[in-house]
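Residue numbers (UniProt numbering), protein chains in the order written: chain A, 1 to 435; chain B, 1 to 435; chain C, 1 to 435; chain D, 1 to 435.
Since the hints were made in silico from the structure, they are not lab data. A couple of the hints might just be wrong.
A few chain B positions that, by computed beta-carbon distances, are all more than 10 Å from chain A [as the list claims (entries may be wrong)]:
id	residue
1	Leu31
2	Asp147
3	Thr251
4	Asn271
Which bits of chain B does chain A cover? Going by a derived footprint, with three or more residues having C-beta under 8 Å, they are [what the hints assert, rightly or not]:
id	region
5	315-326
6	346-359
A virtual CB, placed ideally from N, CA and C, is assigned to each residue, including glycine.
Protein chains: 4
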Amino acid sequence: MVINRWLNSVAAAGKHLMRRSPQEKEGIAALCKQLYSNKGEALGIALADEVARAYSTLDPEQKTAFFHTLADDYNPDPELIHQCAEAYRDSHSLSAYRSLARAIESPRQTLFRRINMAPSGTRTVVSMREDLLQIMTDDDALSAVDDDLQHLLSSWFNPGFLKLKTMDWHSPAIILEKLIEYEAVHEMQGWDDLRRRLDATDRRCFGFFHPALPEEPLIFVEVALVPAVSRSVQAILAPHDGEVDQQSLNTAIFYSISNCQNGLRGISFGNFLIKQVVMQLKQELPQLQHFATLSPVPGFMKWLNTIRFDESQKVISEDERSKLIALDTPGWHLHSSDEALKVLLMRLCAHYLLLEKREKAPLDPVASFHLGNGASIAGLNWLGDTSSKGLEQSAGILVNYQYDLDEVEQHHEQFFNPGEIACTPAIRRLLTAQP
Amino acid sequence: MVINRWLNSVAAAGKHLMRRSPQEKEGIAALCKQLYSNKGEALGIALADEVARAYSTLDPEQKTAFFHTLADDYNPDPELIHQCAEAYRDSHSLSAYRSLARAIESPRQTLFRRINMAPSGTRTVVSMREDLLQIMTDDDALSAVDDDLQHLLSSWFNPGFLKLKTMDWHSPAIILEKLIEYEAVHEMQGWDDLRRRLDATDRRCFGFFHPALPEEPLIFVEVALVPAVSRSVQAILAPHDGEVDQQSLNTAIFYSISNCQNGLRGISFGNFLIKQVVMQLKQELPQLQHFATLSPVPGFMKWLNTIRFDESQKVISEDERSKLIALDTPGWHLHSSDEALKVLLMRLCAHYLLLEKREKAPLDPVASFHLGNGASIAGLNWLGDTSSKGLEQSAGILVNYQYDLDEVEQHHEQFFNPGEIACTPAIRRLLTAQP
Amino acid sequence: MVINRWLNSVAAAGKHLMRRSPQEKEGIAALCKQLYSNKGEALGIALADEVARAYSTLDPEQKTAFFHTLADDYNPDPELIHQCAEAYRDSHSLSAYRSLARAIESPRQTLFRRINMAPSGTRTVVSMREDLLQIMTDDDALSAVDDDLQHLLSSWFNPGFLKLKTMDWHSPAIILEKLIEYEAVHEMQGWDDLRRRLDATDRRCFGFFHPALPEEPLIFVEVALVPAVSRSVQAILAPHDGEVDQQSLNTAIFYSISNCQNGLRGISFGNFLIKQVVMQLKQELPQLQHFATLSPVPGFMKWLNTIRFDESQKVISEDERSKLIALDTPGWHLHSSDEALKVLLMRLCAHYLLLEKREKAPLDPVASFHLGNGASIAGLNWLGDTSSKGLEQSAGILVNYQYDLDEVEQHHEQFFNPGEIACTPAIRRLLTAQP
Amino acid sequence: MVINRWLNSVAAAGKHLMRRSPQEKEGIAALCKQLYSNKGEALGIALADEVARAYSTLDPEQKTAFFHTLADDYNPDPELIHQCAEAYRDSHSLSAYRSLARAIESPRQTLFRRINMAPSGTRTVVSMREDLLQIMTDDDALSAVDDDLQHLLSSWFNPGFLKLKTMDWHSPAIILEKLIEYEAVHEMQGWDDLRRRLDATDRRCFGFFHPALPEEPLIFVEVALVPAVSRSVQAILAPHDGEVDQQSLNTAIFYSISNCQNGLRGISFGNFLIKQVVMQLKQELPQLQHFATLSPVPGFMKWLNTIRFDESQKVISEDERSKLIALDTPGWHLHSSDEALKVLLMRLCAHYLLLEKREKAPLDPVASFHLGNGASIAGLNWLGDTSSKGLEQSAGILVNYQYDLDEVEQHHEQFFNPGEIACTPAIRRLLTAQP
């Protein structure tokens with residue numbers, strides 16, 4: 001801590017040491033203008049730091065105004081673009097290409113790159129995008145600002161710069177509290193629940209970190225090491241004790257993956273995270289044979305409710321439609337001795353996952369993510385998640401997406417070319433199952 | 001070390017674990033093609049790692065061939081650019097702008113971004129540029145490859161991502177040996193010389209590091225803490241001992257600044273480095289009052305030799321020209337009791353620094369760098385560097401560029417606007433000095 | 001974590017690699033016998049590790065039996081002591097002295113030193129003493145075991161080996177949870193309370209750590225930085241927010257000091273901890289002028305209740321005695337507009353602190369500790385701690401013991417020689433205060 | 001570095017902050033007296049620090065005087081010892097034992113324990129012993145001081161407190177330079193030689209460190225990983241390059257073990273070091289099958305030269321004696337085509353190792369060390385070390401002592417009980433070999 005304080009005080013000192021113009025308290029717009037000018041080169045970090053501090057004090061309205069300033073004042077010059085485009089058309093020379101590329105690049109990118117030089121620069125740029133995404137609607141002008149932020153952040157958060165870190169009970173509290181805050185799939189019930197998920201010998205938690213945000217996980221995955229593929233998330237989350245026979249643990253279940261930074265929305269890490277974790281676990285524990293998720297089907301009930309009331313659909317019969325009325329009764333799963341309902345819902349879920357697509361990809365976002373990564377569907381689990389969220393979104397069904405690194409390439413090829421979805425024969429049989 | 005080895009073995013394991021197509025030993029061009037395709041997304045790091053390993057085994061000829069492949073096969077499509085440019089001209093819409101920007105961006109950038117995902121990706125991309133700069137002449141085609149590399153590296157090596165680190169006798173040997181290797185201004189004579197420069201209580205060494213290259217300084221500066229502005233570099237480099245009175249040290253002399261990575265040529269860090277070091281030193285040692293370099297004038301003798309033999313010049317008289325013949329005798333500085341020669345050379349050096357310009361900036365690259373950063377000329381030191389290199393390039397003269405953080409902004413403004421060079425009156429008087 | 005696991009697995013491997021005699025599952029007594037023999041030298045760490053593991057599985061009864069084995073079988077030989085004592089009396093030679101010293105030293109010390117060689121050896125020896133102190137009564141035999149443990153632990157936990165560490169919200173959760181567990185003065189209400197005490201810019205927490213127990217604080221102190229000496233602990237513990245003006249903080253209040261390791265009872269660190277923290281804070285925050293505790297008077301009420309009902313005492317008059325009946329009503333402090341009661345209790349507390357002694361030292365253990373360390377009494381605070389524990393033990397009064405490093409030596413001398421207690425005149429005046 | 005400086009400045013601050021008596025510059029004897037008194041408790045670290053600083057400025061004569069002061073003024077009281085011994089004889093009570101033990105313990109131990117509290121305390125105590133060992137002859141009085149130092153240092157440097165660390169090219173220069181300095185077996189030729197020994201993938205270096213001396217290796221071992229047991233140290237030390245086939249490396253050769261701290265003479269770590277390194281290497285590289293040293297026979301030539309000229313010996317015949325004259329010619333080993341000489345010397349060396357003993361242990365100190373640790377003799381290598389030191393001490397012969405963890409216990413038992421030396425049959429056959 002002493003060190004952190006000391007570093008902060010260097011930054012603080014910097015602010016005071018490199019004294020600038022006498023006028024105090026310039027607005028953020030004026031500061032940005034200076035930072036963008038050639039002053040930015042000379043005063044560099046000190047000026048960027050002033051912008052970052054100024055931004056941190058803005059209220060929501062001021063932020064909106066600031067983004068509009070960015071949208072209005074830092075655009076490329078269309079006239080220059082036309083001229084350069086014509087010159088390029090005429091010569092096709094490298095120098096004409098360069099001029100055109102320079103003319104196209106938005107001045108905002110230069111500005112954001114300079115803001116990034118501040119001690120808390122990267123954090124500030126990520127926050128700006130987080131704020132912008134909340135403000136922005138379909139407003140064309142602000143979209144252009146977002147384009148530039150997303151372009152830069154994609155480049156800066158290249159997977160080559162990320163560090164995979166294990167998080168456990170030895171990790172700093174300042175990091176662990178973020179796991180509690182950001183867990184998006186199966187909410188954490190405070191520090192005791194966290195400890196249960198991290199500290200057992202058959203649990204692991206891995207996350208990606210960026211060097212400029214050393215205390216901020218970008219994404220993390222919670223893993224249970226188990227003797228056989230898990231079919232219920234409540235079984236994993238329940239307190240458990242007793243000795244674990246390490247040698248019997250042959251399966252790693254990824255039961256929760258959470259993104260942490262709204263400001264990095266649309267910049268995908270999950271793909272890389274899962275595969276790196278598979279490699280690291282296989283290295284650490286050679287006895288592991290299977291790697292699979294235990295994932296919700298978040299779009300299932302929404303889709304089901306659409307077709308249920310759509311007269312024109314051909315997926316369910318009249319008879320089945322009436323069966324589905326059972327779902328409208330809260331707690332239906334508790335007395336679901338109804339085998340026919342189970343067979344029906346499992347068939348519909350298999351149908352939804354394997355056959356319902358949008359532009360060749362599965363309609364379900366989670367399915368689309370894992371199958372696009374080269375995973376295959378290895379299991380559909382009836383009443384795998386009986387939390388209210390699980391029932392509401394996925395009718396309680398959980399999917400095991402299996403990651404077999406030897407087959408990732410082949411699955412991926414099939415997925416993108418013929419558009420085939422990799423799954424076990426048992427899953428495919430569900431499509432035609434009858435009670 | 002165990003850890004490093006372990007991490008490497010994870011990467012190694014990755015290579016084997018994520019087995020790909022049966023054909024072994026694909027050429028780097030084929031690997032890049034796969035990496036650029038959507039396979040790149042699925043196989044990510046493993047495929048990038050194969051490209052990096054393949055690149056590391058290329059001989060110079062194969063590298064040249066590889067760069068030409070990059071130059072030929074990963075260009076933007078001119079026809080698409082024209083179409084998008086026209087569409088943009090017609091609509092001026094954001095979506096048209098986006099299409100144009102996408103069409104302009106070279107596919108090579110995507111490829112390099114994916115190579116960067118490998119465990120040694122950043123190192124590989126930096127090496128590629130280092131190699132390319134050696135191969136490239138004025139060959140238009142390869143310049144386009146360099147444009148893309150430079151664009152990405154500028155973004156990735158943004159000062160906001162760099163860490164300022166102190167290097168001393170507690171630093172890892174693997175880093176220190178690089179200081180010996182890279183010292184570009186005053187060559188180091190092995191480990192004893194290094195220790196002398198690092199380990200004394202009145203010496204410091206600071207460098208910038210990037211998180212992806214943790215054992216590679218990007219640039220470093222050597223600092224001597226002294227009781228008064230130093231006028232001779234040999235005095236600084238000489239072995240010295242005896243107790244140092246810490247309280248008397250009121251001046252920090254930056255006597256050597258060296259860039260370490262040829263692959264990052266043209267991406268400037270020096271500016272930021274000096275100012276951050278000034279702030280950090282001021283924080284650590286509040287008694288420090290003055291911060292100045294002790295710098296060569298590397299272009300002085302070259303310029304002097306040009307005008308000496310140029311009949312049309314008006315800078316030196318016939319009489320002075322004959323005086324300068326003395327410089328042609330090796331060892332002239334040893335018996336330079338000739339005060340007139342000193343006055344003449346100091347005047348000419350002041351003239352060169354203050355008045356000789358190219359596009360408003362000083363002709364001398366070191367002067368241009370420091371003055372553009374907002375420093376001022378605080379001293380010209382006769383026979384400040386009597387090494388053979390110092391005599392050959394700078395006629396033995398060394399310059400003190402002073403960094404006064406309170407005046408950096410003002411100096412910078414003057415430098416860029418009226419084009420005025422900040423210096424002390426004494427320096428300006430040299431312009432008209434007579435023996 | 002990976003690393004920790006790996007280290008543990010080295011120890012685990014060691015156990016298996018260095019295979020010993022075929023008979024598995026020897027009892028701890030047999031293992032100790034081997035470890036004490038010259039086998040202990042050859043098998044060293046592996047054998048010590050077996051003892052440590054065996055100890056960790058003992059139930060309370062087995063532990064008692066084990067300590068009795070230690071008490072019976074590892075004693076020095078009285079006969080040998082007599083012989084050596086006589087030889088020494090006759091020769092007074094160094095070699096006779098050596099023989100006598102060797103004869104005196106208990107074999108248990110050798111045994112404990114060898115147990116300490118195990119990877120978890122120090123932890124095991126500290127646990128043994130913790131268990132022993134719970135079992136031991138006035139049993140002579142086991143006292144001898146405790147003597148040896150205390151002797152070794154005093155030597156091993158020499159202050160020169162301890163590290164002062166700052167604990168804050170960046171510390172590992174595994175350490176922070178121990179602060180919650182061990183806080184002995186003002187109990188912590190879970191993680192939120194902990195965060196409040198650690199993470200504010202005007203709070204600090206320091207602890208001593210031993211390198212062999214890197215995740216176990218030995219003792220820690222909680223500090224509040226305030227603009228004036230605090231008079232109430234509830235004010236310190238209350239949630240607070242709003243910006244803190246760092247420059248106004250001129251006083252450090254040590255409001256809670258807790259020992260963490262029962263196995264180290266009687267080995268004093270508090271003395272060193274406070275002084276080192278004073279030095280470190282003064283270094284970090286030169287504006288700090290005052291350093292004082294806010295301490296309970298844990299023996300006050302007990303003493304008061306003794307004299308209240310003692311006819312022979314001369315401290316309180318009959319009138320005052322009847323006044324004190326008020327204390328027997330729960331919640332008396334809430335409607336204590338009774339100034340006379342306050343004056344009386346403050347007088348009695350001053351009397352208790354300054355005049356009631358046992359063997360020259362103050363009767364109150366906390367007073368004895370701080371005054372013996374060279375502190376002085378700077379304040380008595382009426383209703384400084386209105387928690388039930390505070391009222392019960394200290395009648396709600398808190399004391400400020402002030403640490404002025406310039407006067408520590410002088411106070412200490414006075415305390416030990418004339419037996420004078422350092423305090424302000426105001427405190428001394430309390431002794432004779434009348435309502 | 002910043003951190004180190006900062007810590008030192010805390011200590012420095014401490015010195016000034018905790019101001020003591022006005023008289024400056026007290027002698028070390030006076031300071032020790034204060035530290036030993038109850039002032040030592042109050043002023044603790046600050047006073048210990050003054051003693052440490054005072055000691056560091058003493059010249060050799062002053063050190064001698066200081067040790068004599070310690071020898072004279074800090075002895076136990078013989079009269080008190082007698083009284084306590086008698087009381088113990090009479091009562092045999094625990095309290096009498098305690099009094100006797102207290103009376104026996106030398107006051108010097110208390111003093112040294114308090115000196116150890118200084119920031120550089122442990123270093124100071126180790127230095128004191130290093131200096132004392134140089135001064136001390138057979139002087140009884142100073143031996144008593146050494147007894148106390150050795151007693152404390154043995155306790156403090158218990159193997160349970162030591163950390164095994166890998167040293168390689170990533171280690172701090174300040175540690176690596178000590179390897180160059182301390183290498184006692186095969187001298188290092190500077191940094192290039194060091195790098196060769198550390199940085200290759202088939203070399204390792206391990207050392208023990210104590211937490212109080214984090215930059216001082218206590219002992220280190222250099223290891224070569226090879227495909228078969230090495231028979232020549234020059235082959236190991238020679239520069240080598242080319243790829244190493246990691247999988248072929250099935251043997252670890254410990255070719256150099258060096259103690260670093262003269263102040264810890266007689267406190268054995270080597271035993272523990274070798275076994276821990278064996279375990280760690282086996283964990284890291286499971287393919288390793290054999291662990292053996294490549295050790296000199298440092299007493300061989302000395303012994304041989306004694307018996308050569310001893311008429312009464314029966315080990316060598318007259319004929320053989322004349323053969324040995326060859327050894328007196330420098331460079332004899334270069335033209336040693338003399339197979340008979342080889343057979344003779346190998347026989348004599350086997351004889352020396354297996355049969356020549358002092359108090360049951362082998363006469364040769366290196367043999368005694370390894371065999372006592374449970375190793376066995378696995379090979380005798382003719383001309384294994386042709387350096388001048390190797391020829392002079394060991395007639396060029398090197399021994400492989402093999403560490404097989406499964407047999408360590410059995411070898412150790414045999415060694416200590418029947419006094420049998422474990423070796424291969426081939427070694428035993430050498431005893432009777434004829435040319």
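How the hints compare with the structure:
1. Leu31: At roughly 13 Å from the nearest Cβ of chain A, Leu31 of chain B sits farther out than 10 Å, so the non-interface label holds.
2. Asp147: Asp147 of chain B is in fact no farther than 10 Å from some Cβ atom of chain A, at 7 Å.
3. Thr251: 16 Å, holds
4. Asn271: Given a closest Cβ separation of 7 Å, the condition is violated.
5. 315-326: Since three or more residues must qualify, the claim that chain A covers the region 315-326 of chain B is violated, with 0 doing so at under 8 Å.
6. 346-359: Per the Cβ count (0), the hint is violated.
Violated hints, in rising order: 2, 4, 5 and 6; the structure is consistent with all others.
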